[in-house]
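*Asks:* Sequence:
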Amino acid sequence: MGHCFVLAMLLEGLIHVDENGVVTYADGLMDDPHRMYSKDLRKLIEEQKLERSAATAGVTLEEWAELSPADRTLLRIAAQKKNVYARGFTKAGWKHLPMAEKFAILRGFSSTSGPDL
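In our numbering, the protein residues as written are 2 to 118.
These are computed hints drawn from the structure, not numbers from a lab. Some hints could be false.
To be verified - Here are the simulated DSSO-like cross-link-like pairs (lysine-lysine), alpha carbons at most 30 Å apart as the crow flies: (1) LYS96 x LYS82; (2) LYS50 x LYS83; (3) LYS50 x LYS96.
Starting from the given sequences, assemble the full structure and let the hints guide the process.
*Replies:* Right, here's the structure in full:
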């Protein structure tokens with residue numbers, strides 16, 4: 002959430018932060034499925050971090066969980082718009098490729114005269 006949005010929620014009385022830093026919400030405000038942030042409003046919950054990272058890389062959550070940190074970094078960098086276009090794909094086209102094919106393209110691209118990622 003943006004700072005202005007949080008400030009507006011504080012001013013409207015939708016959230017309250019006590020002197021210990023504990024955040025309380027108005028009834029129904031952050032109940033499922035709308036809840037996106039942890040209780041301290043600063044951190045996404047871990048599951049949503051994984052979901053967003055997997056979506057950015059264009060793989061499923063299960064595939065993302067099985068990858069090593071090095072492979073995750075490689076896919077995240079490869080999924081950037083400029084890197085996808087450099088390989089001759091559109092962003093949507095890259096996301097629809099199977100993960101095995103993405104790694105085959107990445108290995109083939111980095112072993113040729115192209116830039117290393």
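*Asks:* Of all the hints given earlier, name the ones this structure violates by number, lowest first.
*Replies:* none
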